[in-house]
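Chains A and B are the protein sequences, given in the same order. Heads up, the numbering used here is the position in the first sequence plus 626, with the first residue counted as 1. Heads up, the numbering used here is the position in the second sequence plus 150, with the first residue counted as 1.
Be a bit skeptical, because a hint or two may be false.
As the list claims (entries may be wrong) - Simulated crosslink set (BS3-like; lysine-lysine; CA at most 27 Å straight-line):
{"#": "1", "chain 1": "B", "residue 1": "Lys164", "chain 2": "A", "residue 2": "Lys668"}
{"#": "2", "chain 1": "B", "residue 1": "Lys164", "chain 2": "A", "residue 2": "Lys725"}
{"#": "3", "chain 1": "B", "residue 1": "Lys221", "chain 2": "A", "residue 2": "Lys671"}
{"#": "4", "chain 1": "B", "residue 1": "Lys207", "chain 2": "A", "residue 2": "Lys668"}
{"#": "5", "chain 1": "A", "residue 1": "Lys668", "chain 2": "A", "residue 2": "Lys725"}
{"#": "6", "chain 1": "A", "residue 1": "Lys628", "chain 2": "A", "residue 2": "Lys705"}
Said to hold, decoys possible - With the Cβ distance kept under 8 Å, some of the chain A side facing chain B (calculated, not the full set):
{"#": "7", "residue": "Ser654"}
{"#": "8", "residue": "Ser658"}
{"#": "9", "residue": "Phe660"}
{"#": "10", "residue": "Lys668"}
{"#": "11", "residue": "Pro670"}
{"#": "12", "residue": "Gly731"}
What the hints assert, rightly or not - Some chain B residues close to chain A (C-beta under 7 Å, calculated; not the full set):
{"#": "13", "residue": "Leu193"}
{"#": "14", "residue": "Tyr214"}
{"#": "15", "residue": "Asp254"}
{"#": "16", "residue": "Gly255"}
It is worth saying that the hints were derived from the structure and are not from the lab. Where is the CB? At the ideal position from N, CA and C, for every residue including glycine.
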Amino acid sequence: RKEVEQDPGPFNVPEGATVAFNCTYSNSASQSFFWYRQDCRKEPKLLMSVYSSGNEDGRFTAQLNRASQYISLLIRDSKLSDSATYLCVVNLLTGGGNKLTFGTGTQLKVEL
Amino acid sequence: NAGVTQTPKFQVLKTGQSMTLQCAQDMNHNSMYWYRQDPGMGLRLIYYSASEGTTDKGEVPNGYNVSRLNKREFSLRLESAAPSQTSVYFCASKLSGQPQHFGDGTRLSIL
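Chain B on its own, in the form it takes in the complex (with noise of 0.2 Å):
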């Protein structure tokens, strides 16, 4: 019962470099998130797809792009990363109407 997994678990990167984080689910959800998480921030949404073909941004979606690559898999990607994303990245995935299911994480650090 693998529900959302997220890769990697933890990463750590370079000014500058790139990095795509990956989520599936296989819970048939249709719509998929990806979030931050901060110290005191809380949840911020970058972005967003409500359905298969389909992303809209969030609340920070700077320096992020998204692919929704079919039903089961949402990818994040930073072109060039920064130290203001380090952070602990939170992909989820629902049922309209339904509380979202939530994956265990990637930690991300940027030096």
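Same shape as in the complex, but just chain A (with noise of 0.2 Å):
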């Protein structure tokens, strides 16, 4: 079993539709989660932390379930520009320090 696995997609969504994506993690001991997005040929930049207790940023929330090991990410009123792949990580704390690791990603093409 893959540490960090996400379903690949491509999730072809209307705009303005709800999209979800999860992501599960093997590791129990995992300790902190993030969700990253990564525009083709870019660098993968931070979209959000994911607390305990589920956030939210503006049309995006982000929830966590440590009992089935996954993190979920919601998208509310797909935009165009919301199109791009979607990269989860986890974040595991060993004697060597923190050991982050990707997911491969979900991409999401959001149309007209």
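Build the complex: two chains, separate frames, hints provided.
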């Protein structure tokens, strides 16, 4: 089993739709979680951290379910500019420091 | 507000040539990382440096070496480039417990 797994997509949705991505992780000791956004041929950029109680940033909502070991990202009222690949990142604190593991990403295409 | 700066942005090498990719950050971050990104593989960690003076292997270190020159700079060296090392390379830095900040990448092709 991969340490971090994501559905690669693509998710093709019309503008204005609500779309949700899930990400599962294998190590129950993982401590912190993030969603990154990556545009084609660009660097990953932090979208939002994921907190245990869930958190919202505008149209974006992130949730963490430690019991089932998954995190989710919900995007409401999708915009064309939301088209990108969304990377799930899991942080595990080890003796050697922070170990960040990236999912392979979920591709989102928002269409007119 | 430079953040993480990588040079060069593009490079083409012949098999067997050597090359050093440079990375510098001006955010006073302790940890620095080198990743490669290939289609369908996601980001894979090559080497990292948890703090100045230390370096450790990541998931795919073979064929690479690194130097943490000082707190700001972390370089990645290919001693004898191979076509399998054709990839996009990202440098990142962070503070403990915080998310990573990435440079805008180096696109490396090895013929």
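Against the structure, the hints:
no. : hint                : in the structure
1   : B/Lys164 x A/Lys668 : 25 Å, holds
2   : B/Lys164 x A/Lys725 : 33 Å, violated
3   : B/Lys221 x A/Lys671 : 22 Å, holds
4   : B/Lys207 x A/Lys668 : 25 Å, holds
5   : A/Lys668 x A/Lys725 : 23 Å, holds
6   : A/Lys628 x A/Lys705 : 31 Å, violated
7   : Ser654              : 19 Å, violated
8   : Ser658              : 7 Å, holds
9   : Phe660              : 5 Å, holds
10  : Lys668              : 7 Å, holds
11  : Pro670              : 5 Å, holds
12  : Gly731              : 6 Å, holds
13  : Leu193              : 4 Å, holds
14  : Tyr214              : 18 Å, violated
15  : Asp254              : 5 Å, holds
16  : Gly255              : 5 Å, holds
Violated hints, in rising order: 2, 6, 7, 14; the structure is consistent with all others.
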